[in-house]
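Turn these sequences into a full structure, and let the hints guide you.
As given, the protein sequences belong to chains Y and X, one line each in that order.
Using numbering that gives the first Met the number 0, the first residue of the first sequence is number 0, and each one after it goes up by one.
Using numbering that gives the first Met the number 0, the first residue of the second sequence is number 0, and each one after it goes up by one.
Some clues are possibly wrong.
[As the list claims (entries may be wrong)] Some chain X residues near chain Y, calculated using beta-carbon distances under 8 angstroms:
1. L38
2. T39
3. L41
4. L43
5. L58
6. V116
These aren't lab readings, by the way, just hints derived from the structure by calculation.
Using N, Cα and C, we set each Cβ at its ideal position, and we do this for glycine too.
Here is what each chain is made of, one letter per residue.
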Amino acid sequence: MADIERGSRPLSPHLSIYRPQMSSVMSIMHRLTGVALALAAILIVWWFAALATGPAYFDFVNGVMTSWLGLLVLTGLLWAFWYHFFNGIRHLRWDTGAGLGLGEAMRSGWAVIVLSVVMTIVTLVLAV
Amino acid sequence: MSHKSYLTDYKRVAGLGVAKSGVGHWTAQRVSAMALLPLTVLFLYTFIGALGGSYEDALATYQRPYPAVVALLLMLVMFRHLRLGLQVVIEDYVSDHKAQMRAQILNMLTWRTLAIVGIFAIAKIAFSA
Chain Y
0 MADIERGSRP LSPHLSIYRP QMSSVMSIMH RLTGVALALA AILIVWWFAA
50 LATGPAYFDF VNGVMTSWLG LLVLTGLLWA FWYHFFNGIR HLRWDTGAGL
100 GLGEAMRSGW AVIVLSVVMT IVTLVLAV
Chain X
0 MSHKSYLTDY KRVAGLGVAK SGVGHWTAQR VSAMALLPLT VLFLYTFIGA
50 LGGSYEDALA TYQRPYPAVV ALLLMLVMFR HLRLGLQVVI EDYVSDHKAQ
100 MRAQILNMLT WRTLAIVGIF AIAKIAFSA
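As structure tokens, then:
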């Protein structure tokens with residue numbers, strides 16, 4: 000009867016008892032930005048489908064995407080892209096076994112955060 | 000990536016592990032990630048110029064071979080990477096078996112369909128020159 004209390008024990012990974020750490024928050028953010036980028040992919044296909052359809056529908060879709068709300072969403076997705084881009088490089092490096100030390104992982108984490116914001120601003124400046 | 004193979008000797012001989020797959024997914028996710036590093040940046044370069052512009056300018060941009068080929072490659076690689084990534088997210092968070100199967104089938108169909116729609120649209124634009 001070792002399993003008698005199985006249902007009432009807390010289940011792994013015990014997320015609720017951990018204080019959020021930079022490594023865990025950045026890992027969750029990598030997932031969240033990845034899921035958010037699905038919306039970016041849908042919007043890109045929508046834009047191309049509109050361009051292939053004709054001028055009237057293109058002007059509608061292009062107008063929606065460059066309205067203030069559209070640009071706000073696209074700016075958010077642009078940051079999500081650059082975050083996922085740089086953090087993805089960080090993950091690819093980890094896959095080789097390099098950069099996994101606590102200090103290194105903290106430094107590369109901060110580099111990802113700074114670079115994602117900087118590149119979002121650079122892209123916006125280039126787009127205007 | 001290490002020079003060592005991620006496949007065990009047995010799996011290489013038999014072709015299937017206990018889960019029937021696994022390393023293939025892991026490798027495809029990372030290979031597509033590496034391909035997306037240059038592809039997304041090249042795509043962004045032409046897309047931010049065309050977005051918000053006129054219909055004629057957008058059409059002219061993607062009638063050129065280089066932006067069209069980059070956009071086509073993006074459709075292939077981006078949707079593969081997206082499908083593989085969301086597959087794992089669904090595996091992790093959908094615990095009910097029936098809901099899991101439904102979500103996985105939907106995931107398999109949706110992104111492949113959208114990729115084809117994108118490829119069709121870009122090809123139509125590119126060949127309309």
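Here's how the hints hold up against the structure:
Restraint check, L38/X versus chain Y: the minimum CB separation of about 11 angstroms is more than 8 angstroms; hint violated. Below 8 angstroms, beta-carbon pairs count as interface contacts, and T39/X has one with chain Y at about 7 angstroms; its hint therefore holds. Interface hint at L41/X: violated, since its Cβ lies 13 angstroms from the closest Cβ of chain Y, which is beyond the 8 angstroms cut-off. Annotation: interface hint on L43/X holds; nearest CB of chain Y at approximately 7 angstroms, less than 8 angstroms.
With 8 angstroms as the threshold, the beta carbon of L58/X comes within range of chain Y, its nearest partner Cβ sitting at about 6 angstroms, so the hint holds. Checking V116/X against chain Y: minimum C-beta separation of about 6 angstroms stays under 8 angstroms; hint holds.
Hint compliance for this structure: hints 1 and 3 are broken, all remaining hints hold.
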